[in-house]
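Residue numbers (our numbering), protein chains in the order written: chain A, 700 to 1323; chain B, 287 to 550.
Calculated directly from the structure, the hints in this document are not laboratory data.
Note that CB positions come from ideal geometry on N, CA and C, so glycine has one too.
Please note that the accuracy of each hint is not assured.
As the list claims (entries may be wrong) - Taking lysine to aspartate or glutamate pairs in the DMTMM-like style, the calculated list, with each CA pair at most 25 Å apart, reads:
{"no.": "1", "chain 1": "A", "residue 1": "Lys1044", "chain 2": "B", "residue 2": "Glu475"}
{"no.": "2", "chain 1": "A", "residue 1": "Lys1145", "chain 2": "B", "residue 2": "Glu536"}
{"no.": "3", "chain 1": "A", "residue 1": "Lys1024", "chain 2": "B", "residue 2": "Asp304"}
{"no.": "4", "chain 1": "A", "residue 1": "Lys1031", "chain 2": "B", "residue 2": "Asp304"}
Claimed, not checked - Between beta-carbon pairs, the in silico distance windows are:
{"no.": "5", "chain 1": "B", "residue 1": "His484", "chain 2": "A", "residue 2": "Leu961", "range": "49 to 55 Å"}
{"no.": "6", "chain 1": "A", "residue 1": "Asn1264", "chain 2": "B", "residue 2": "Gly384", "range": "48 to 54 Å"}
{"no.": "7", "chain 1": "B", "residue 1": "Gln334", "chain 2": "A", "residue 2": "Asn1062", "range": "55 to 61 Å"}
{"no.": "8", "chain 1": "A", "residue 1": "Ser1058", "chain 2": "B", "residue 2": "His484", "range": "24 to 30 Å"}
{"no.": "9", "chain 1": "A", "residue 1": "Asn1264", "chain 2": "B", "residue 2": "Ala312", "range": "54 to 60 Å"}
{"no.": "10", "chain 1": "B", "residue 1": "Val301", "chain 2": "A", "residue 2": "Ser1058", "range": "33 to 39 Å"}
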Amino acid sequence: MLRKIGFKLTLGVGITTIIIIGVYAYFNIQSQSEVLLAEVERHANQLSETIKKSTHFDMLANRREGIYHIINTIGKEPGIQEVRVLNKAGEIIYSAREEDIGRMLNKKSESCYACHAADEPLERLSINERTRIYKPHPDSARVLGIINPIYNETSCWEAACHAHPEEQSVLGVLDITMSLKDADMQIKRSEINILIFAIIAMAAISFIIGFFINRWVDNPVKEMVKATQHIARGNLNYSLKDHRSDELGLLAKSFNIMTQKLAEARLQLFQSDKMASLGRLAAGVAHEINNPLTGVLTYSSFLLKRTKDNPEIQEDLKVIVRESKRSREIVKSLLDFARQSVPKKNKVDINVVIDQAISVVENQLSINKIQLIKQYDKNIPQIELDSNQMQQVLINLLVNSGDAIGSDGGTIIISTSLITLSPYGIWQIKKALCLKGHNLMDNEIKIAGKPSIKLKASADGNKGFVHLDPIYGKNRHQYEIQMKNSENIQFYCPTCDRSLIREGKKCPKCDSPVYSLEIPSQGNFEGCTNIGCNWQKWDEVDKAGQKKYVEIKVKDTGCGIAEENLNKIFDPFYTTKGQKGNGLGLAVTWGIIDNHDGTIKVESKVRKGTTFTIQLPIEQIRIS
Amino acid sequence: MSKQFDILAIDDEQVIIDSIAKLCSAEGWKVDAALDATAGLKKMDRNQYSLIICDIMMPDLDGFQFLAETQSRNIQTPVIITTGYSTVENAVKSLNSGAIDYLAKPFTVEELVSIVQRGLNYGKIMESFSNANRDSMPYVPCPPRYYQFGYSTWASIEEDGSLRIGVTDLFLETISKITQIELFNPETEIVQGNVCAHIETDDQLIHSILSPISGRIIRQNQSILNNRNLMEKDPYFDGWIYMIIPSDLEYELNHLIPCSSDRL
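The following block holds chain A by itself, in its conformation from the complex:
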């Protein structure tokens, strides 16, 4: 919990909020209390001026009762603590509190201190200097006092009483003290308000940040952790929802591409691993069988040589020699398969090859009441293939069909036809040029064994190389460039830096820019720059290169193959026949068809039957 990004971010934002609001609150309270005190001060000053002015006339007339009356009345007002008039000597001559009258004040007392601090008493003070704030007792509320000097005026010394000589400048002081209880309370209240506001703001901000972090960061990260756990457990089909457009969405997209590539790589690795183990097995078997077979073959051929005068034995020995030689060929073909050897191809009629295969299994099929229907296309031209290997393929398929049907009878339909397929996914780019005629082929980086097309690429300010798959439509490209947005990639010729992007043309699938390469004497090759999009177009080849294929279908009415097993049937050692099968038949079949540049597919419905479809090119696609 404490280590979570969400918590850390919330904590960081919370602390920042506290600091900002704290500083704001401090200055706010400060300025508020200043304004409030200034207001109280102005009020007190005004009041003291009023008292001074209203008592002025009574002073001149020396009507003490009038002065007492005014001071008493004002002194009783709420909030006003004291109203006093002091003479030059420091004696209180008027006060709202009668017991104070006649009391002498020390010049060091807080009412006098402002002027009498220096040796020579000051005569004029600014309003700030006349004001003082103090606490009469430590527990009492604060008090604001203001002194207002009463200056000698012409009317004073000319008055009838002649109480004040002309040369005196200050006659006395009017001193008012007011309680700051109300103001202090107001300040306190606004402090509390601001504190409450700060706490609420902090909580709200933390909550909102927390909510969005949870939504934008925590949940996607949790999803991603879950996905990595799936991948770690080996489930490479797991993919993340990548509908988001932010960095994590991009990460999810890139994660999905990575797992997809990983899955493909694993599949290939798995396949080659299986082939490698098959190879080891074949090597072992070959070695182990060939030694005893040498004994049989040498001794029998030796006997054959020594018994030239005995035709009866000769016949039997010839069978032994012939069959030993056949075993030798079988072991050799197993070895050849293991190393995916080049088939020994001849021009043959595929229908004849099928008939030869049928003749081998016909007996067995008719015993099990299986009807075999042949639907041949008589117009198929001769094609180049290894007839032995192809026979092996067909025997495998027919035996499997027979086993699937069992002994209760059924039908196998074997058909051939001539079809035309698009070169998409088959045709190879052997030479590609930029607009200036620079060669783009790279022999060093090969994709599936074939030289790739090397382009310079730039995306998001990063530069690097891209190796395009030379097989039209296969799209096993390799990218040596980092990019955030797969849709903004630009391609250049590595030699002359000229852009390979075709101006004004957009990918019909995803609307991204399209690159265009010149294929000498085969027109232009176009493809989408977006990594996620697999659109490619090669007009010349599409038009001219429609290739003719022979399609062989073996269809049975057998028990069918469960869907979950369909992708395993071409794996070596996968068998449902228990002791009766070795699980190599279809793996060998797959290898042979692959060696003939053909494809083999299977469709099946449980209890309905299975159809194997083989497609072989009529003309070899020679890849030099």
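With chain A held as given, fit chain B onto it using these hints.
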């Protein structure tokens, strides 16, 4: 105590040794045997052998290590490699490692006898060559710019990129007079190190010719079928066997010896 044998058979399988011993003894050759390469080398220290037949897959030293050992000891006895793991790679590697010939298991009596006969003849020719003065070559070497596969076949690159292949004069010296030539049909794919033709001789032996290069046969030389002496008369030019379109020339050339730097 040194004994003279024609053949030393080295194989970890008793049945192979028995077969070789039986078939070769019937031909009148003296055969000795060893169950592993180390024992074979020890026997070679003590006794004289004209020819060695050695298996590849054996405990301790394998066939290739054995070949390396004979070379480091400067043993001139020709070696024929045989193996049950009969891949093209093993065939090519054997010839490249100094074996004179390669015999895939299982073999028939004809195959064994013909290869042993050639091996013994080869040994004799080489011996006479090193004994006699060097000016009198006992055979016509392969012309410059030709490539040789083992001692027996050659390939030469034509201007149009196709190849002509044939057998060397040394090979013809090791066999008796040709009585029949059996060729593969055009359009057949042949593989380097695999059999590509059979030659029958007047001593009733059928010799297998190993193809120097992989490819598709586009033409047979009809002249050698019509005139069997042509091959013996002019093995490098008019006596060629096939014209082929190579399938992987660049890679396979590495396994061939350019004739200008002929080591034989």
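Could you work out which earlier hints the structure fails to respect and list their numbers in ascending sequence? Hint check: nothing fails, all pass.
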